[in-house]
Each structure stands twice: as C-alpha cells, then as structure tokens.
Amino acid sequence: MDSLIFLFLVQDGATNGAIYALLGLALVLVFAVTRVIFIPQGEFVAYGALTYALLATGRVPGTVWLLPAMGLAAFAIEMIGKGSRMSGREIATDAATHIGLPVVVVGATFALADKSASALTNVLLTLAMIMPLGPYLYRIAFQPVADSTVLTLFTTAIGVHLAMTGLGLAMFGAEGLRAGPLTDARMEIGPLMLTGQNIAVYVATVALIAGLWVFFEKSLYGKALRATAVNRVGARLVGIRTSLSGGLAFGLAAAIGAASGILIVPMTTVYYDSGFIIGLKGFVAAIIGALASYPGTALAALFVGVVEAFASFYASNLKEVIVFMLIVPVLVWRSLGAVHDDEEE
Amino acid sequence: MNARLALPLAILVAAAIPVLPGIPPFWITLLNNIGLAALVALGLVLLTGVGGLTSFGQAAFCGFAAYTSALLTTRYGLSPWLTLPVSLLVTGIAALVLGVITVRLSGHYLPLGTIAWGISIYYLFGQIEMLGRHDGLSGIAPLNFFGVSLREPATIYYAIWFAVFAASICTIFLLDSRIGRAMRSLRGGRVAAESFGINTARLKLIAFVYAAVLAGLSGWLYVHYQRTVNPTPFGLHVGIEYLFMAVLGGAGYVWGAVTGAALVTLLKDILQRVSPMLVGNFTQIDTIVFGVLLVLTLQFAPRGVWAFLRNLAPQARPRTIAAAEPLRRRAPATQGDAPLLGVTGLRKQFGGLVAVNDVSFHLKAGEIVALIGPNGAGKSTTFNLISGVARPTSGSVRFAGHDLSNASAQECAKLGMARTFQHVKLLPEMSVLENVALGAHLRGHAGLFASMFRLDRADEARLLAEAARQIERVGLTEHMHKPAGSLALGQQRIVEIARALCLDPRLLLLDEPAAGLRHFEKQNLAKLLDGLRQEGMSVLLVEHDMGFVMGLTDHIVVLDFGTKIAEGKPEAIRENPAVLQAYLGSAA
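Protein sequences appear in the order of chains A and B.
FYI, my numbering numbers position 78 of the first sequence as 78, with every residue one higher than the one before it.
FYI, my numbering numbers position 174 of the second sequence as 519, with every residue one higher than the one before it.
Among the hints, a few may not be true.
Computed list of lysine to any residue pairs in SDA-like fashion (alpha-carbon distance at most 20 Å, straight line) [claimed, not checked]:
#, chain 1, residue 1, chain 2, residue 2
1, B, Lys770, B, Gly534
2, A, Lys319, B, Leu641
3, A, Lys319, B, Thr577
4, B, Lys770, B, Gly830
5, A, Lys319, B, Glu474
6, A, Lys319, B, Gly477
7, A, Lys319, A, Gln11
8, A, Lys82, A, Thr97
9, A, Lys319, B, Ser705
10, B, Lys770, A, Ser148
11, A, Lys319, B, Leu476
12, A, Lys319, A, Ser335
13, A, Lys319, B, Gln472
14, A, Lys319, B, Arg478
15, B, Lys770, A, Lys319
16, A, Lys115, A, Val60
17, B, Lys867, B, Met895
18, A, Lys82, B, Met895
Covered by chain B, per the in silico footprint, the following chain A stretches (three or more residues, Cβ under 8 Å) [claimed, not checked]:
#, segment
19, 8 to 15
20, 85 to 91
21, 151 to 160
22, 212 to 224
23, 275 to 287
Calculated from the structure, these hints are not laboratory results.
We put the beta carbon where it would ideally sit given N, CA and C, even for glycine.
Taking the hints into account, I'd like the entire structure generated from these sequences.
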C-alpha cells in the first residue's frame, strides 16, 4: 500500500473518529444518567449543521421557531403536571427557562442573522437554538416515562427520532447544505495537509472531552449527574432531583450534537436525515466501549473512524455494512464473557 | 355472545369481504397490506410483549425471505411452494445466528444489534449484483393454488389472511401452554424462571426465531403478491414501523398485532391523501405523526389500543381443571445415612467484603433446618449460593450425592431443589394457577411445536391438575384463578411455596416464608411444613420469627456477620450465650 494513501486515510479516519467520539461520549452520558438509548442524538447533529449552514448564508433557520414551540410545550406539561403545587417563584423560574429564553434567542437570531455575521456569532446562535431543545425534549417525551424499562425508553427514543427527522425535512427541506470552513488556515506536516477545519475538529474534540472531565470531576452538577448514574433512588434520597439530572444530560447531549454538526458541515454535505447514520456510528463506538467507559468509547470511536476510512477506500459500496458489522465481534466476545449479569429492572 | 363464537365469526366475516358486492378493490389492497404487516407485528407481540425483548430488524427478516424466494423462483424456476420452507429456514437461521450472540446480553444489546443488522442488510441488498442491486428483481411467479392463480389482490387475500389467522391461533395456543407460560415468565426476570429449571436464554432465542420466521412468512407472501422486489420495503424505518404497530395495537395481546397493523396502515393511507391538501408538497408528515403518536402511546396507553378493545369483546370464563393422571414423582433418594445437603467451608466475597465466611452445616433427609441471624448475617447469600443463583468464592455444596458447588440454578432445580424468594417473584398478571404451574415446568414434556398445534393437552392437563393440587394443599383454592398480584403479600409467599412444591422437590428452600403472615396464617404454614416433613420432605428455611422457628425446626444454624456462631437443637440455641450476645448485645 502506498504510504501516503495510508497516512491520508488515517488522517481522514481520525477526523471522522473525533466526531464519533464526541457523539459516543454524549450517548454514554445520556445512557448512564437516564438509561435512555439516545437514538435522536444524530438529529441534533443534523439540526446543528443545517442551522449553522443557513445562518452562514444570512438566512433565518426554521429551528428558531421549533425552540419556542418546544419550550411552550414543556412549560405546559410542567404546569398541567404540578403547576398547582408550585410557588409563584418556581413558576416564574420555569416560565423564564421555557418561554423567556426562547424569546431572547428568537430576538437575537433575527437581530444578528446576516451574511456579514462572524462565524463565532453563528456558532453561538446555533448552540443557543439547539442546546435548550435537549432539556425541553426530556421534559416532554422522557420524564413522564423516566421510571419505566430500558425498552420503553428506547422505543420512546425511536418515536422522538421519527418525529425529529420529519420536522427536519419540514424545517430544512430535502436539499443538502454545506457551509464554508470555520477558518482558512492550513498546515503542512510532512506530506499531509491539515486544513483549519481538521484542526478545529481535533481542538474542539479535545476541549470538549477535557471540559466534560472537569465538569464531572469538579462541579457539583457533574457529581450529581454521576450520582444519578450510579443509583437513581439513592441520588433522589440525598436530594438530587433526578429529573434535573436528566434535563442536564440531554442539554449536554444536544450541545455536543450541535457542535459536532457545526464541525462537519464545512467538510461534507449534510441532509435533514444525515444525522441518524452519523449518530449510529457514535453508537457503534459506545457499544464497543460497553456503554459505560468514556475513554474506551473515545478510543473505539477513533477506531471506527479509521475503519470507515479504509472501508470507503477499498470497498466503498460496503462501507456502512463493514462499519456496523464491527459490533458483531464485540457482542460475541461480550456474550461469551457474560456469565450472568444482574437482573434487569 | 359466547366467547367461543367470536373467532369463527371473525373468520367468516373476513372470508366474505372479497365476495361482497360493492367492496372497492382498493379496500382489498389495504386489507392485504394490513394482513402482511400483522404477521410481522404478531412476531413482535411474542418477542416484545411476552418475552420483553425488542427488534427493529424485522423488516430485514422479511427481506431475507423475500429475496430468497425471488431468487430461487426467477433463477432456478422453483415453485413458490417449494421456496416457502427454504425461505423460512434461511430466515430462521439468520435469526438464530443473530440471536445466539445477543440474547444472553442485557436487554438493550438485542435492539441495538437488530438496528445494525437492519441497516447492514438493507445496504447489502442494494449492493449484490445477483439480487439486482437497487433495482431489485422482477417477473416473480405468482402463487398458484391447485390451478387457481393467486395473482389478483382479491385471491391472494385468502392466502394472506389464512396465514394471519393460522399464525394468530398457533400463537394463542403457544401462549396457553407449558412453553408459553415459561416465555411469559421471562418478564419476571431470569432468577425466578431459572430456579424452576427454565432455560431463559433458550426461550428468548425461540421467541426471536419465531418472530423472524413470521416476518419471513410475510416477506414470502409479499414477494409473490407484488411480484417484484427491491430493498426499500426492508429498510430500518420499516422495521421501526412494525414495532410501532405492535406497541400501538398492544404488544401484550395477539390481536393487538392485527389492531396495530390496521391502525398504522389506515393512518398512513389517510395521511398520504390528506397531507398534500394541508401542508402542500410536504410528504413526510406521516413520520412526524407516527413519531409523536408512538411517544404518546407509551405515555398514556402503554398497553396499546387492544387493551381497550378487548373489554368490548366477550370474556372467556376461567377454565375448569379437568381430572388428569398425576405426574410421575421423583424416585426417593437412596443414599443411606449420608446427609441430603452438605455445605462445607462455603465462602462468598464481594471484593473485600466477606458476606459468607467458611460456613459448614448439613441437613438430613426429612429434617427442617433453620438458618437464623440478625439482618446482614449472610443468610440470603448462603441461600443463593446453595440454590445456584450465585457462585461461591470457595467451599462446596453437596446435594443428594451430587457436587453442586458451581452448578447453575437450573441444574439445582433438576436435582430437586425448589426455593421461594425473600422478595416475592411472581408474575403479578398471571393467575395463581399459572404461576404455580411454572413450578412444574420440568415435569412436563410438551415442546414448541406440540404447543403451537395443541398436541400438548394431555401433558398440559396433568401440569394444571398438579398445580391445582398444590394450591389446594396450601389452602388457596378460592384464589386459584385470580391474578397473583391481587393477593396479599403473605398469600403471595404461600403461592411461592405451592409453586416450589410443584417441582416435586427433595429439598424445599424457603426464604422468610412467614414474613407478612398473620398469626393464624403462620400456624397454618407451620402445620403445612410439619405435614410435609412427615411425608419425608426436607426443608431449609431462613426466618426472623423466633417463635415460628423454635416450635417447628429440628436443627438451627446461627449466622452473624457471615460466620456460623452456633448450631444445634432449638432448646440449646435458645440458651447459647454467643447467640444471645449477637441478638441482644453483650450487656444482656
């Protein structure tokens, strides 16, 4: 094999792998805290990518209307559920986070959406539009069934995935979009050309992983999330609101999804339904990492990316088959090792 | 209306539909699609609703059978009737392979595995030259039934709905049998089922293959109905749609499959016709509606639509227990004076924590031995080690001449060890009778096919008669047909004893049987156990109620912090200073 091709494929794979690592980490996070197998993770990627791509051309993306709609729905469900038992202050806080925040974001979007807006402005606007969707979504779809089986939560996630894909088509249309690179910088390392976008992907991945580490190790919220992941009932007994943890985990997942979308849309054309397959590759990584280990998932994701790069070079038609079949040996190995795991709840 | 007439009436109506004057042909097409989908959803009822497993890859199984039959008929000119068994076999083997590697893993790996499988197969169909890549295959022969071509929708309608009714009836028969009962017990967790000798991994595999074969049947019918095939109807999203049908219709009920298939197919048709008027050229509104409906169904009607509809249908009366030849009893143990159960140096460590610390004791046939001790003394862990639920770190367990130190719960059950649980493990929605009959699982013989085709009735009658006999023995006959979950907790413990007795055990392991019982119920329980002892039964029990233990047992073993601190006759234990100290503290 040509060593240049080899290096090129490894580099390409590492870039994709970095994205899968981010998604895989988000999936592990959501699963650990809420037991939800978060299939709609990929939709956040597509939403983030397309929202950013539209903003970059000065247009106002449809996601801007989804935000207040979902905020309102979440607020209504909260009020119907326990509004009568809430103090005025609590209701005001709820209204601020579910209605006030979306209104501010809508205002900011219309004020700032312009062809001349800087990439940073567009990135921040995109994150502001997508991230709150996570907690709203948790409140609407998952919190009401939070204590049911993994299977029910999984099926709910599938329902959410269907609805979000359909909404994606409504908001963004069937055409794919691509955005300009975040930066035009380039760097040559030997025979390899690293684009600014490549570097942005690596930097963002490392920064997000470091950020997650600090969050989980150092902050009280992070510790609360970890406590919920270890033992829901125990966490509740010591005063952690597990619904809050769930919302937080979903918020982080939505933000990571949106960030991944922003990172990939300058490198590839993204369609309203592209996220699903991308998200599933994050899953392949997460499964290899046993849905539990963060470093394991990150390494597995790099591996998935590299395998994919080589597969698309040598057998591009069977690329997806090869990537998804990667989990088979892992499942076999785990199945042989599984003596008797704990009773399902 | 009589419940027994509902089904024949439904079949009659279904048979009449195509020949009724004025039925638009389009309705027949819709009904055909409903029937094809119902077959797949029916498999999911068994898999998801009954077995608690989920697959999103059922469409891929349809495709497997469809392509197999398409290839064999177009390329080799085989008759579709010959390709039917081949298609089903190929699909079944694919499911078997996929199942073997996933069913032993915890619940969410199977659905994830089926997603990967669904996607891969879809891409694979589109890449294989022999299968016509994305264009697929066409010119496939229609079915031919004794010279009658089933080319028209109104004729193949009979083949499709015959398959739906036949498969539904077989599934109903299956669920009402020894194998079906064991499948239904999967939802109650593995530990209880395996304690009665049920091989849970094997049953999950059977459910998975059964569901796949039904999907294969649907795929085979589909390909000879459409007479062309391409990858589109076998993609992951179609697989998700099948699961949606089962959930919406009611995954716990056989007729939920038909209900769900009908609702989703009709809804899709309506949405496709209405949406251009409402939202212009925006074609995926059905995806949004389905997604939202799926979430709402899980939140507000997790049992599906059939759960409401079935209340309108006539209810079957509880069955009567027919007299049947009694089940064969286990041969009495012939081992001379050796103890029935011998525990030597039994130890269990969880990391640094020693839960059971080199405990030894033995139990002679016909004895009642109690294991007592304060909370956290390691009694239940010892129990789990003896009954094969947990593996000891070291030490040995000998039972009836066999070494059971590393035996599984299933093997312990086979040798005649039956147990109850500290936290009651009954299937709350199954009747007391069916719960108890689970205990006799190993004493029946009817397998999958015998159950599906109702060739198991003699075997089944003997099992139910045995269950009824044990229920009578423990004094719960009046509650026999009630759901087990409706009984008081104390009564549920007694149901567990009846279930254990159904195993025809040599040794009965009872984990806190008297907890939650009222005074006179405790007296009855003591009387029952005493009677069993006189018949030669051996009992090992964990109990907190000292009055109960002292009056009943032959021998007591006292544990404290995992270590045996005393053993002996009840009178001696009562006076033992170490025991008094453990229970009352040193100042006493």
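Hint check results:
Of the pairs offered as hints, the one joining lysine 770 of chain B and glycine 534 of chain B holds, with about 8 Å between alpha carbons and a cut-off of 20 Å not exceeded. At roughly 36 Å between alpha-carbon atoms, lysine 319 of chain A and leucine 641 of chain B are farther apart than 20 Å, so this suggested pair is violated. In summary, the hint linking lysine 319 of chain A to threonine 577 of chain B is supported, as the alpha carbons are separated by about 19 Å, within the 20 Å threshold. Among the hinted pairs, lysine 770 of chain B with glycine 830 of chain B is consistent with the structure: their alpha-carbon atoms are about 10 Å apart, no more than 20 Å.
Among the hinted pairs, lysine 319 of chain A with glutamate 474 of chain B is consistent with the structure: their alpha-carbon atoms are about 16 Å apart, no more than 20 Å. For the proposed pair lysine 319 of chain A and glycine 477 of chain B, the alpha carbon gap of about 19 Å is at most 20 Å, so the pair holds. For the hint pairing lysine 319 of chain A with glutamine 11 of chain A, the CA-to-CA distance comes to about 17 Å; that is within 20 Å, so the pair holds. Between the alpha carbons of lysine 82 of chain A and threonine 97 of chain A the distance comes to roughly 16 Å, so the proposed pair stays at or under 20 Å and holds.
Restraint check: the Cα-Cα separation between lysine 319 of chain A and serine 705 of chain B comes to about 60 Å, which exceeds 20 Å; the hinted pair is violated. With a C-alpha separation of about 18 Å, the suggested pair lysine 770 of chain B and serine 148 of chain A falls inside the 20 Å cut-off, and the hint holds. As the CA atoms of lysine 319 of chain A and leucine 476 of chain B are separated by approximately 18 Å, the hinted pair is consistent with the 20 Å bound. The straight-line distance between the Cα atoms of lysine 319 of chain A and serine 335 of chain A is roughly 25 Å, outside the 20 Å bound, and the hint therefore fails.
In summary, the hint linking lysine 319 of chain A to glutamine 472 of chain B is supported, as the alpha carbons are separated by about 11 Å, within the 20 Å threshold. With a C-alpha separation of about 15 Å, the suggested pair lysine 319 of chain A and arginine 478 of chain B falls inside the 20 Å cut-off, and the hint holds. A threshold of 20 Å between alpha carbons decides the hint, and for lysine 770 of chain B with lysine 319 of chain A the separation of about 47 Å lies outside it, so the pair is violated. Pair hint lysine 115 of chain A plus valine 60 of chain A holds up; C-alpha atoms about 11 Å apart against a cutoff of 20 Å.
Under the criterion of a C-alpha separation no larger than 20 Å, the hint pairing lysine 867 of chain B with methionine 895 of chain B is consistent with the structure, at around 13 Å. About 52 Å separates the Cα atoms of lysine 82 of chain A and methionine 895 of chain B, which puts this hinted pair outside 20 Å; it is violated. Note: the segment 8 to 15 of chain A has 0 residues with beta-carbon separation from chain B under 8 Å; the three-residue rule is not met and the coverage is violated. Counting residues of the segment 85 to 91 of chain A whose CB lies closer than 8 Å to any CB of chain B gives 0, which falls below the minimum of 3, so the coverage claim is violated.
Residues of the segment 151 to 160 of chain A with a Cβ under 8 Å from some Cβ of chain B number 8, which satisfies the need for three, so the listed coverage holds. Requiring three or more residues with a Cβ within less than 8 Å of a Cβ of chain B, the coverage given for the segment 212 to 224 of chain A is violated, as only 0 such residues are present. Only residues whose beta carbon comes within less than 8 Å of a beta carbon in chain B count, and the segment 275 to 287 of chain A has 5; three or more means the coverage holds.
Violated hints, in rising order: 2, 9, 12, 15, 18, 19, 20, 22; the structure is consistent with all others.
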